[in-house]
Structure formats: structure tokens, C-alpha cells
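Visitor: Fit chain B to the given chain A structure using the hints.
One line per chain: the protein sequences are A and B, in this order.
Numbering of the first sequence is given in our numbering, commencing with residue 1 and proceeding in unit increments.
Numbering of the second sequence is given in our numbering, commencing with residue 1001 and proceeding in unit increments.
Derived from the structure by calculation, the hints contain no laboratory data.
The beta-carbon is built from N, C-alpha and C at its ideal position, and this holds for glycine as well.
One or more hints might be untrue.
Claimed, not checked - Computed footprint of chain A on chain B, listed as stretches where at least three residues anywhere in the stretch have a Cβ under 8 Å from a Cβ of chain A:
1) 1171 to 1180
2) 1183 to 1197
3) 1443 to 1454
Unchecked claim - List time: in silico DSSO-like cross-link candidates among lysine-lysine, alpha-carbon distance up to 30 Å:
4) B:1235 to B:1118
5) A:168 to B:1118
6) B:1395 to B:1487
7) B:1487 to B:1512
8) B:1118 to A:182
9) B:1182 to A:168
10) B:1182 to B:1235
11) A:168 to A:182
12) B:1118 to B:1032
Take a look at the letters that make up each chain.
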Amino acid sequence: MELEGPPLEALTRRLAECPADFMAEPRVGALGQVAVAAVVADLLRDLGGPPLTHAQRDSFQPADAKRYRNWLQLVLIAAWLLHDPWFQSQTRFGAAAGDFLTGGLAQISALTPAASFVSDPDRREELVRLVLREFGLRPAGESLAQAQDRLTTLSTVERQRVIAAAQKAEERARAVRAAMEKQAAEEAAAQYSRE
Amino acid sequence: MTAPAPAVSPELTTLRDAWRGEWPTALGLWSKFTRLGEPRWCFTDEEAEAEGLSGSFAMIRLTDQAVVVNLALVQASQLERFGREILAHEIGHHVYTPADLDDYARLIARMRWGLPTKEHLAPLVSNLYTDLLINDRLHRIAGLSMAAVYLALGSDSTDPLWTLYMRIYEILWRLQTGTLAKGEITDALQGDAHLGARLIRSYARDWLDGSGKFAALCLPYLLENDGQATQDLLKGWRDTQNAGAGGMPHGLTEMDPGERESAQHPSLDPELSGLGQPSDKPAAGRSPSAAPVAGQGRQPFQFGEILRALGLPLSEHEAAIRYYRERAGPYLVPFPSRLRPESTEPLPEGLEPWDIGAPLEEADWTESVMLSPTIIPGMTTVQRVWGTTEGSQPKREPLDLDLYVDSSGSMPNPQVNLSYLTLAGAIVALSALRAGSRVQATLWSGARQFMTTAGFITDQHRILEILTGFFGGATAFPVHVLRDTFKDRTPSDRPAHVLVISDDGVTTMFDKDEHGASGWDVARMALERARGGGTLLLNLYGDWQANADLLRANTEQGWNVHAVRSWEELVAFARWFSRLKYGGREAQ
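Pulled out of the complex, with its shape left as it was, chain A reads as follows:
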């Protein structure tokens, strides 16, 4: 994240305008419409990277639809983002993009529906920041500290971790409140019976 990249807003807007072709059902086995491996191969070529290896191509053609569908859909959306003219003009992100699409999206695709990365402003921003970090960039006009802090704040993984912590704290507080209410009711009942 040492280098300044493009403005954040330009990329989040591009995501928001993701065309229906990239939101279509990815092909898994005989089902689906879009061949994800072909889309990724075209992208890597446009970014100046090496062609897809056999192993990479196979990874975008899984057989288990239930397990990989959301990830493939997110790969398509990320491919649309990476087709941005700014990235193409740099002609140096092909290899990094290949690595990112192969392994960088697995964690968030397991937690969030792919369509959210188009429809939800926070998820759009998260995906853009993840891409920039993968390429060693930060949004134009931001300091390194700001970029890191914002990515941490937006991170789905981090967010789910702290919300789980909040949920546990609430459960503990609720148990304490219930115990206090029970104790108060018992004391009131005892006082009533004495009177």
C-alpha cells in the first residue's frame, strides 16, 4: 500500500454499475451461463499478465456448484472491477490479479453473498480496497494509516469477528439481567409472604 492508486470513488462507481453479464450465473458443470475461466483469461491478457495455467483454469471450472457458486460469482464481479481502464493502462497487474482471483476471494465469498459487493456501498468499498492492497496500492488522497484503518473497519472477516464478540457480550449481559430480575422477583415474593 506504499503507492497511490486511482480514486476510490471511481472504482466503487464502476462496481455499482456492474453489467448484468457479469452478474449472470457462472457455469458449473452443465449448468450456468458464463465460463469464468474464459473471462479471467481475457482479463489477465488485458492486464498484461501471463496466460492462465492449466491448474488455474481448472480451479475456475469446479464441479461442486453448492460449494463454489458464490465464489465464482464474486470472481466475475471482481473481474469486471479489474477491467477498469486505470488497471489496464498500468500493464503490470496481470500476475497479481491472477493470484487474487484464485486465492484472495475465498474467505469473503464464504461469508457474504456475491451480489452484496455490487448492491451494498460498504461491500463495494471493501472489494475495491482489497484489490488495491493486493496490488500494493492505496486510494488516491489517503495516507497509509487511513487506508489501513478503513480496510480494517470494512473488512467482512474483522467485522464478523467483532460482531460475534458483541453478540457474546450481549448474551452475557442478558443472562446477568435475567438473574437480577429473578433475584428481585424472589426478594419481592419473600417480602410479600412475610407481610
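Guide: Below, chain B alone, put in the same frame as chain A:
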């Protein structure tokens, strides 16, 4: 001669002019069609206090859609350069949230469910919630730097509630951690801040639906010291603290559908927390499957607490009067009346006392002054009594109502919990007044422990005040009041219906009076001279016919006996009463 007004400092005049110039722009930020009167500019704390503003630099009044600004406090807080932000914020309270007194009351009511044991802090939490909604909208849509206002307020407080509040703003406005929030950000607080930010965006339109969740989110941070630090920090910006003073919300006696159920911590709402498996359903917004159940009735004490939270300084008794008036409203029934030939020529026949509840135009001021040069309304005022010569046009004449309300210790306190008997009494009394009847109401408990209107009046408030009163003492029916009411009643007086609200203690009305006369004789005499029938409305759990006295009262003297212990019995009674004929007997 009054003291001259203190001179206004030129700085404050300049500030007023500058802020006045920002007012149209601030209005336009919400809509070009927004119309609101210019704020009341106060130059001193005394002026502000006279407007009901104390401690805060600005406030709203929902009763007259006013914005009040204390310029002296603005200057002292060094907020002069934020005229547009602060004015736009205050306008937001009028046009966005809470917008009107009814919705403000519903907001408080919902938040109370999310704040068990801390219900009294609902006004504070509602202020935080509405401020978040308004400021976020001004930041996103109008592009105002609301964060700069909080930076100018300059708090380094590490109070957990304040830290949560500021951290929510940081997340909403993409500010770096620590820009506004200075306290320790634990994982749980960070999670709560994420949930709060998500909630503010998800419920920006249906903000009432999210209010209970926001209250539940704040609750853990209020348990230790009532969020005292946040209360102190927000002192200058408690702009809705007394927003409802002087008004009266409607529709508050019943809960909104889902009001109680929705007040859960947002971490328990998968749509807000995002915890669980990814799905194709959109994350934000309300779940259509969580259809709320129909509204339930609120108890009088809850109703009173909500009104007081709105800034209405009402006693429990006063709140109960408003509660029963509102609950009775939809159930008013036709009151027994008879057709009489209408006069073609009014004939002045004499004078009678004019009480405060009677229409003002009926008072005869000339005769009142002749009676007493010093006018005391209700005491020395009289009205002309007009006689009629019979004509051909018919006219409806209603019965009067003589109401006796048992307030002994065995009766439920109507100011705390809903009393179906009191509600039934309110329905009958208000129905009577609506039909043009006059009502005498007597609240009774032990011997010499009674309160009465001392005559048939039309003052609705006074009648409900008696009806909703509570002594909680012994049980002794005021036989002498019944006797004195009817002993001198003549056949030319308007007939009256006698309604006694009680429980099994009603049989004390058949005890001897202070002169040793039989209560049975008094009851018979009263019923005969009333000529409008009589009803005993009782909170009885057994069969009333098993009670020998009640059976005798019914068969020998003709008292109608009804038990009302539930909503169903109340409705059945109201239906029966609406069918009463003029003489107090049920229509066929």
C-alpha cells in the same frame, strides 16, 4: 414601570444576523418546499429559559413547530461558525425525526422496551438516535461536515457510551479510528458500533422500527452510571429534551404492532449482524416474514411514564384521566333519551348556577353581577333557565347520570393498571355528556371518605377526575349522598340513571344511613325519584345471583346488575347499555 431590557452585545447581534442568513439555506437542504417559522433568537440565558430552553444551545418544540436558539450559549461554546449545520439539524428534528409529537411518543414507547430497568433514559437515547439519523443524512445528502461540530465540541471523553456513539459516526462517515472516539475500543464495542452504523443506514426511512434495537444496543452502556458522562457531554445538545411540553399525543393507549418484540439487540438480527451463511437475499431492511402482531393495550402507568418522558409534567392521576378518555373514545354508545315536543317560544323561568364546564355563552353576566359584584366562575355565576311552550317539532332529551365509583382497597387502582370498571364508567359518562346529559360523580371508600361533584355538571375533566381517583380505604357506600341527591327531586326535573361501580362491597349501599334510616329505603326512593333506572356494575367473580342482597335489589327494586371483569364483558355491557330505553329498562 418595568426595568429597561439589558443591552444586547453587538457580537450577538452580528451572530444572529449571520445565522438568520443561513436559515433559508438550512431549510433548502431538506427540501425547497420546507416551510418553518424563523427561530426564536435568545440573547441571554433568561430569555432562553423563558422559551423553555435551559442548558442547551438549541431546542425544538413539537407543539408549535418552533426552533429556539440560545445565541449566548452558542458563543460560549464557540460554535458560531456552524450556523448552517446546527440550524439544519434542528430543522431535521421537525421534518425528519421525530417530526411530530405522536411519532415522538411512539419512539419513546418503543425505546422503553429496549431499556429494561433504565426506561427513564429513553429521552436521552432517543436524542442520540434521532441525532445520528439526522446528522448522517445531512452528511451524506447535504454534504455538511457534521463531524466538525463534534470536533469543535472538543470532547476527549473516554466514557464507553460516548465512545460508542462517536465510533458509530466514524464508521458512517469513513473517519479514521480515533478522530472522534477517544475511549478504548474493545472488540465488543467495535462490534456494537458496526451494528449501530448498519442500523442507522438500514432504518433511515423506517426509523421508528429500528428505535427499539438502538435502545437495546445502548443498554449495556447505561447500566453502570446511567450514561452520566454522555448526558453531561450532550447537555448543550439535548434539543428534544422537552420537545413535547404543552402538547398531547394521540393513539398512545395502545401499543404499535411489534413494538415490544422488535426491541432486541441488533446482534440478534441476522439481517443487521450478517452472521450466518451467505444468502442471496438483500442484507438490509426489515424482514417481511417478521410480521408484527396486532397492537395490545398499554397500562395507565406506562402511558403516564411515556407522557412524562415527552416533557409533559403530568401527575399519575392526570395521566389516568387522559388515558381513560382516549380509551373510552371509540366505544361511546347512544345514551337513553326521549322525544319531547320542542318549544316554539322560549320562556325565561328563573336562574340556576352556571358551572365552569357549561358553555360560556350560557352564563348570564348581568344577573351574575347583580347577585355578587365579585365574579367567581362556578361559584357566583348563574345562567338563565328557559321554559318552553310545546310545539310540533320533536326534540331529544337525555337522562342525567348519577355515578358512584367504589374506591375501596378491594378495587384495582385505575391509575396503575387498566380497570375495566373504570373504563366502563368512562364510556357511560362520556356517552352521557356527548348526548347533552349532566353527570354527578361520587368517588367513595370508607365512612366520610368520599369526593363528589356535588351536583349534576357537564365538566368532563372533573367527572373523569372523580372516576379515576383512588382512596384504597375501607368500604362504606355514601348513602347520604344518594339520599340527598334525590330526596328533593320533583317530577319536573330531568330523569336520571343511577350507576354504581363497585364489587361485593356494593351491598353497603343497603346499610343504614347516619340517621339510622334503611339503605334499602333510600335506594328505593332514589330509584323511584330518579325515574331513569339504576345499574350496579360490579367486579364479581362468582354468580351475582348467589348474593341474596343483589338478588333482592334486582327483583324487588329493579336494579340492573352486571359483572365486568374482562374486555369481553365490558363490550357486552356497553352493548346492553346502548339498548337501554328511557326508563332504564332494556329495549325489546
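Visitor: Quick one: which hint numbers does this structure break? Sort them smallest to largest.
Guide: 3 and 12
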